[in-house]
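Asker: As they're listed, the protein sequences go chains A and B.
Numbering-wise, my numbering comes out as the position in the first sequence, counting from 1, plus 24.
Numbering-wise, my numbering comes out as the position in the second sequence, counting from 1, plus 24.
Note: identical chains are not told apart, hence a pair may lie in one copy or across any two.
Calculated lysine to any residue pairs in the SDA-like style (CA-CA distance at most 20 Å, straight line):
1. LYS320 to THR29
2. LYS320 to ASP30
3. LYS136 to ALA119
4. LYS151 to THR162
5. LYS277 to GLY342
6. LYS136 to LEU36
7. LYS320 to ALA32
8. LYS136 to THR29
9. LYS170 to LEU209
Everything labelled a hint here was simulated from the structure, so no lab data went into it.
Number of protein chains: 2
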Amino acid sequence: MAVYTDVAAEELAAFLASYDIGELLSYKGIAEGVENSNFLLHTTAGSYFLTLYEKRVAVGDLPFFLGLMGHLAAHGIVCPQPVKTRDGTTLGVLAGRPAAIIDFLEGVWPRKPNVAHCAAVGQALAKLHLAGRDFPMTRANALSVKGWRPLFDQAASRADTVQHGLKAFLAAELDYLEARWPGDLPRGIIHADLFPDNVLFVGEHLSGLIDFYFACNDILAYDVAICLNAWCFEADHSFNVTKARAFLSAYGKERPLSEVEQAALPLLARGAALRFLLTRLVDFLNVPPGALVKPKDPLEYVRKLRFHQSVNDIAGYGVAHSGSPA
Amino acid sequence: MAVYTDVAAEELAAFLASYDIGELLSYKGIAEGVENSNFLLHTTAGSYFLTLYEKRVAVGDLPFFLGLMGHLAAHGIVCPQPVKTRDGTTLGVLAGRPAAIIDFLEGVWPRKPNVAHCAAVGQALAKLHLAGRDFPMTRANALSVKGWRPLFDQAASRADTVQHGLKAFLAAELDYLEARWPGDLPRGIIHADLFPDNVLFVGEHLSGLIDFYFACNDILAYDVAICLNAWCFEADHSFNVTKARAFLSAYGKERPLSEVEQAALPLLARGAALRFLLTRLVDFLNVPPGALVKPKDPLEYVRKLRFHQSVNDIAGYGVAHSGSPA
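I would like the entire structure built from these sequences, with the hints used as guidance.
Answerer: As structure tokens, this is what we get:
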């Protein structure tokens, strides 16, 4: 929720001179994204996004992110495409930061996703997984199962100040998941953060997937599990099985989940819930006093995790095992 | 530098239905303005600004601000014009806040204003003063001479923690200005905050004056004095007499300053410097610890004020008295 770096108009105009996107008309710092500084540009050629990458993003990962967006866009995924300079590069330097110009996608993200939104996301996620298959670069997921214990260690001593018994709850879940995390499921490029604020719609039409800065190589069905957490719970944290069915069915039409993926889904959903619970908890415990940015509620994910603990198989998410009736 | 209120896409689409500006394509919270929540909208009809007025703006003043923007735009001033609903109103309610849709003006504000920018601003300010003459509504200036002592009282006890001797410096200046503040100068609508970030340019062309939320009725030459402070000092706080001459000459071609206005200018410039010194000082002393927004440096205005104290007459600003050679 903050622009960290201001950019002088004169500097920006000079930066844009190496692109073939017309003359600068205006630019506004955008109050979204806590990792980077984002600007919406208007030029005589149209609208663009300018991102300055701040220190929380590893510079070494930027070619992966920008390359992936370009690859996916070239393979029919509606996602922002990095604009190339006349020299063919996508990554430059502006105001002392690595910087890129990216196509601006029209669309708004649904604050109250409905069943149709969930179905659209399911289809889009499967297409993304398919389109990512021949992307040649790789990036490890720092926030998969091996990344959770270091987060737990950061938060453990103060976890019970957030909720009584939270430390023991987290410790037990972490032990459980570390012992059972699957090593044999299909892997590939995953978005890893496909929450509603990263999916744009114009009317009922999905107009774009955005924010690929957590994308990495990991279990494809883990991305499905993240979306179950992100899209299929109501504001009161109850699970909406109709939304889950719509999401999973639409996904399966593009890329059917195998038997082993289906069987693993409740476990993967527990892992996804734990991952967001842990990162939110660490953020929550480290908010500076007086900060304007309100941290997201970690306890939302305690409730989601408890739900997934109660699910025995994929039927709990509203769909039948493949080959058997619902 | 913050969006205070989020707006759901569904709510915004419903709000826009009463306007004749097409379908919503996208909206982004803008990281500028600390008083209000601002969004840049794209619709099928073009680009617009959406402002939600937060509590620091008095709701009773909004008809004045919106009416003034409409009046000035109708009188040839390039400024944002409030968009009317099909019912002819300009002020609605969205997300529980008073809200207005305003034309989006292209343009960027100059981080390093040059002489040509200063001349353009002088001409635009004079035209604004002329166009405001027949605007029927009035609003008192809460930040003119009568408003300074309450600000001083808020800051006095801690002023010396910012700079040794600052309290005594402020007290003496306030006494001096209160005793001599002119009551007989031409008055009218003033912008009262025409800093570089409120003047947009496309290339060398002034494309708009924005942010009328300090506009009020006051001494016209006081607005000139504010601009001398805002536009004619360098980053090292030295006074650039070439810029001042360009600004004042361009102003005078549209609306010549009278003999009494010219004579009062050094005093008015001291007052303008004290006004921004005091508001910045109060803000500086009241920043919550850990806040993301860095307060503006109040001491910049100590240096500007000292400069104006050294100016005896308008020749100190680079222009001759009317009727006499420079």
